[in-house]
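Chain order of the listed sequences is A and B. Add 34 to the 1-based position in the first sequence for this note's numbering, that's all there is to it. Add 34 to the 1-based position in the second sequence for this note's numbering, that's all there is to it.
Keep in mind that the hints were calculated from the coordinates and are not lab data. Accuracy of the hints is not assured; some may be wrong.
Heads up, incomplete: computed chain A residues facing chain B, CB under 10 Å, no partners named [to be verified]:
#: 1; residue: Pro-139
#: 2; residue: His-166
#: 3; residue: Arg-172
#: 4; residue: Leu-173
#: 5; residue: Gln-175
#: 6; residue: Arg-209
#: 7; residue: Gly-288
Pulled from the structure, derived: some chain A residues nowhere near chain B, Cβ distances all over 12 Å [said to hold, decoys possible]:
#: 8; residue: Leu-109
#: 9; residue: Thr-113
#: 10; residue: Gly-176
#: 11; residue: Thr-235
To be clear about the criterion: a stretch of chain B counts as covered by chain A if any three or more of its residues have a C-beta under 8 Å from a C-beta of chain A, and this derived list gives those stretches [to be verified]:
#: 12; segment: 165-176
#: 13; segment: 265-271
Idealized CB from N, CA, C, for every residue including glycine.
Number of protein chains: 2
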Amino acid sequence: MTDQPGAARRLDGAAVAAAIREELKPAVAAFASKAGRPPGLALVLVGDDPASAIYVRSKETSAADSGIAVRAHRLPSTTPLADVLALVERLNADGSVDGILVQDPLPAAMGTGASTRVFDAIAPGKDVDGFHPENAGRLAQGRVTLAPCTPAGVIELLRRSDIRMRGAEAVVIGRSDIVGKPMAMLLLSEDATVTICHSRTADLAAHARRADILVAAVGRPAFVIPDMVKPGATVIDVGINRVTERARIEEWFGSGSARLAGFDQRGSAVVGDVHPAVAQVAGALTPVPGGVGPLTIAMLLRNTLRAAELRRQRGSNS
Amino acid sequence: MTDQPGAARRLDGAAVAAAIREELKPAVAAFASKAGRPPGLALVLVGDDPASAIYVRSKETSAADSGIAVRAHRLPSTTPLADVLALVERLNADGSVDGILVQDPLPAAMGTGASTRVFDAIAPGKDVDGFHPENAGRLAQGRVTLAPCTPAGVIELLRRSDIRMRGAEAVVIGRSDIVGKPMAMLLLSEDATVTICHSRTADLAAHARRADILVAAVGRPAFVIPDMVKPGATVIDVGINRVTERARIEEWFGSGSARLAGFDQRGSAVVGDVHPAVAQVAGALTPVPGGVGPLTIAMLLRNTLRAAELRRQRGSNS
Numbered sequence: 035m036t037d038q039p040g041a042a043r044r045l046d047g048a049a050v051a052a053a054i055r056e057e058l059k060p061a062v063a064a065f066a067s068k069a070g071r072p073p074g075l076a077l078v079l080v081g082d083d084p085a086s087a088i089y090v091r092s093k094e095t096s097a098a099d100s101g102i103a104v105r106a107h108r109l110p111s112t113t114p115l116a117d118v119l120a121l122v123e124r125l126n127a128d129g130s131v132d133g134i135l136v137q138d139p140l141p142a143a144m145g146t147g148a149s150t151r152v153f154d155a156i157a158p159g160k161d162v163d164g165f166h167p168e169n170a171g172r173l174a175q176g177r178v179t180l181a182p183c184t185p186a187g188v189i190e191l192l193r194r195s196d197i198r199m200r201g202a203e204a205v206v207i208g209r210s211d212i213v214g215k216p217m218a219m220l221l222l223s224e225d226a227t228v229t230i231c232h233s234r235t236a237d238l239a240a241h242a243r244r245a246d247i248l249v250a251a252v253g254r255p256a257f258v259i260p261d262m263v264k265p266g267a268t269v270i271d272v273g274i275n276r277v278t279e280r281a282r283i284e285e286w287f288g289s290g291s292a293r294l295a296g297f298d299q300r301g302s303a304v305v306g307d308v309h310p311a312v313a314q315v316a317g318a319l320t321p322v323p324g325g326v327g328p329l330t331i332a333m334l335l336r337n338t339l340r341a342a343e344l345r346r347q348r349g350s351n352s
Numbered sequence: 035m036t037d038q039p040g041a042a043r044r045l046d047g048a049a050v051a052a053a054i055r056e057e058l059k060p061a062v063a064a065f066a067s068k069a070g071r072p073p074g075l076a077l078v079l080v081g082d083d084p085a086s087a088i089y090v091r092s093k094e095t096s097a098a099d100s101g102i103a104v105r106a107h108r109l110p111s112t113t114p115l116a117d118v119l120a121l122v123e124r125l126n127a128d129g130s131v132d133g134i135l136v137q138d139p140l141p142a143a144m145g146t147g148a149s150t151r152v153f154d155a156i157a158p159g160k161d162v163d164g165f166h167p168e169n170a171g172r173l174a175q176g177r178v179t180l181a182p183c184t185p186a187g188v189i190e191l192l193r194r195s196d197i198r199m200r201g202a203e204a205v206v207i208g209r210s211d212i213v214g215k216p217m218a219m220l221l222l223s224e225d226a227t228v229t230i231c232h233s234r235t236a237d238l239a240a241h242a243r244r245a246d247i248l249v250a251a252v253g254r255p256a257f258v259i260p261d262m263v264k265p266g267a268t269v270i271d272v273g274i275n276r277v278t279e280r281a282r283i284e285e286w287f288g289s290g291s292a293r294l295a296g297f298d299q300r301g302s303a304v305v306g307d308v309h310p311a312v313a314q315v316a317g318a319l320t321p322v323p324g325g326v327g328p329l330t331i332a333m334l335l336r337n338t339l340r341a342a343e344l345r346r347q348r349g350s351n352s
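From just these sequences and the hints, can you work out the full model?
What follows is the structure, given as structure tokens:
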């Protein structure tokens with residue numbers, strides 16, 4: 035099923051994620067036996083966005099499989115913001131809940147800024163998404179406890195793939211609070227020299243070509259083309275873009291490709307931020323799907339266990 | 035008294051700081067008339083480090099001059115950490131105190147990690163140094179309220195000197211929590227493309243030479259030499275290094291220089307991280323002293339007023 039025929043080593047995020055989840059099982063069991071209860075994870079889904087519903091279901095299954103006591107709170111799309119905040123407060127105060135994740139995005143009807151208000155309301159010690167400013171600050175200050183799951187997963191993948199970060203030139207394309215900026219801070223903590231590029235960057239290709247480690251987190255399908263990649267570089271593709279134009283899929287993957295066949299079955303295909311031809315230039319590359327995505331959930335489970343352990347050490351409720 | 039004879043425009047931080055302080059006076063008076071009390075700043079100095087004593091005295095004088103109700107708490111070097119933390123708690127709870135600054139460093143006898151424990155104990159809303167993780171996180175997330183004073187001062191200086199940040203190549207040398215990292219985040223918020231270099235960076239000179247805006251915050255005298263600077267670049271010198279070797283001063287500034295004459299009077303001289311000859315290459319340059327230093331205090335005063343206004347808006351004590 036892979037359309038990555040090039041020379042680049044394939045960084046198998048799914049396999050690494052599976053390994054991490056296997057390692058977590060005994061650790062979760064050990065916590066449960068010490069604490070007299072399993073780590074608890076509360077998922078909150080507001081509304082009926084189909085993609086969000088799939089994500090939450092997937093997190094629920096994975097958590098349960100790891101031995102975490104997971105409960106999904108599914109609220110109608112008409113739920114007032116105040117009710118979501120009240121639920122978060124109840125979960126903050128609930129001693130059996132170690133991690134709280136409110137699935138983004140919230141319904142548009144809740145108004146701009148609703149997500150930020152909800153994320154800020156989560157007790158920092160239970161913030162397994164790592165979005166609370168206190169956790170973002172701890173990460174920036176090199177004393178991270180709960181890091182955002184996607185960039186934390188990338189670091190774990192690089193580490194377990196023996197890709198040297200110390201002294202490496204790392205270029206991050208994208209500066210979101212959820213991926214780009216925490217990714218840059220984590221790479222900096224690993225002693226990489228880090229450049230953050232974005233829509234205002236004057237010569238993005240020149241920056242990208244300097245990178246030993248190139249992280250693409252722009253949300254634009256096939257944005258990173260071979261000309262933007264240094265031969266032998268490690269390329270991490272964080273993008274998950276649903277493409278509905280058949281011609282683009284044919285152009286990028288070829289007329290006989292498995293991706294195009296999949297498109298013809300489903301009417302859409304998921305494409306990363308990295309053009310498939312980059313595999314001819316890069317030394318190592320994460321596939322999409324099956325690269326960074328599975329690691330994000332594995333890191334959520336690890337954050338939940340970590341939050342549980344930290345709360346137990348502090349003997350606190352929050 | 036200047037030893038900056040080159041072509042570079044001199045970015046007069048002292049003049050900008052004086053202008054900011056003048057602007058603050060009516061704003062402080064307006065707050066006092068609305069709130070029925072002036073903004074309050076508590077300074078805490080533990081021990082008798084002479085440089086710290088000078089800094090605290092200078093902050094005290096500047097705050098008072100701006101109309102801020104400032105009180106310095108001077109504690110003996112033998113003060114237990116618990117007593118410092120108790121004082122911070124009292125100041126957190128004191129409704130007349132808007133800003134709390136504990137002068138770094140604390141006495142070595144307090145043990146490693148003492149500063150972090152004390153800084154973390156300051157209520158984020160009163161943290162006028164911007165060191166608390168919640169404030170570091172808000173800064174990283176582009177919704178800063180209280181930014182660390184030195185990098186905030188640099189941004190203000192660039193802005194008021196009409197130096198374009200949007201789309202500029204910015205290179206920050208140094209990755210401290212107090213200067214390097216928040217500096218990078220603030221430049222990113224201004225739409226610069228930002229690279230953070232440090233001791234593990236492979237080819238630091240090559241990075242520095244790419245910079246339209248080069249910020250040196252390494253703490254090594256005359257570290258940035260002309261060969262590391264792109265002709266016409268803006269160079270911001272954050273370093274304040276006391277040098278006691280006469281030969282170095284003579285080498286850097288010349289035998290007839292005012293700096294050397296000053297050295298001969300005092301037995302030491304303050305030198306930035308940037309070699310004086312950089313003035314021949316740079317387009318604009320901050321002097322040391324008289325560049326970034328005075329801005330740091332001006333930003334402390336501005337943070338104190340901002341903290342007071344935010345607390346008043348929230349109607350809260352902390």
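Consistency of the hints with the structure:
Contact between Pro-139 (chain A) and chain B, as hinted, is not supported at the beta carbon level, the nearest pair being about 17 Å apart and thus beyond 10 Å. Against a cut-off of 10 Å between C-beta atoms, the interface hint on His-166 (chain A) holds, since the closest Cβ of chain B lies about 7 Å away. Because the smallest distance between the Cβ of Arg-172 (chain A) and any Cβ of chain B comes to about 5 Å, under 10 Å, the interface hint for this residue holds. Hint status for Leu-173 (chain A): holds, given a least beta-carbon distance of 8 Å to chain B, under 10 Å.
Because the smallest distance between the Cβ of Gln-175 (chain A) and any Cβ of chain B comes to about 5 Å, under 10 Å, the interface hint for this residue holds. A least Cβ separation of about 6 Å between Arg-209 (chain A) and chain B falls short of the 10 Å threshold, and the interface hint therefore holds. Hint status for Gly-288 (chain A): violated, given a least beta-carbon distance of 34 Å to chain B, over 10 Å. For Leu-109 (chain A), the requirement that its beta carbon stay farther than 12 Å from each beta carbon of chain B is met, with the minimum near 26 Å.
Chain B leaves Thr-113 (chain A) outside its interface by the beta-carbon criterion, the shortest separation being 25 Å against a cut-off of 12 Å. Separation of Gly-176 (chain A) from chain B is inadequate, the least Cβ-Cβ distance of about 7 Å not exceeding the 12 Å criterion. Listed as outside the interface, Thr-235 (chain A) is inconsistent with that label: its C-beta sits roughly 4 Å from the nearest C-beta of chain B, within the 12 Å cut-off. As drawn, the segment 165-176 of chain B meets chain A at 11 residues by the rule of a beta-carbon pair under 8 Å; at three or more, the given contact holds.
Restraint check on the segment 265-271 of chain B versus chain A: 0 residues with Cβ-Cβ distances below 8 Å, three needed, restraint violated.
Going through the hint list in order, the structure does not satisfy hints 1, 7, 10, 11 and 13.
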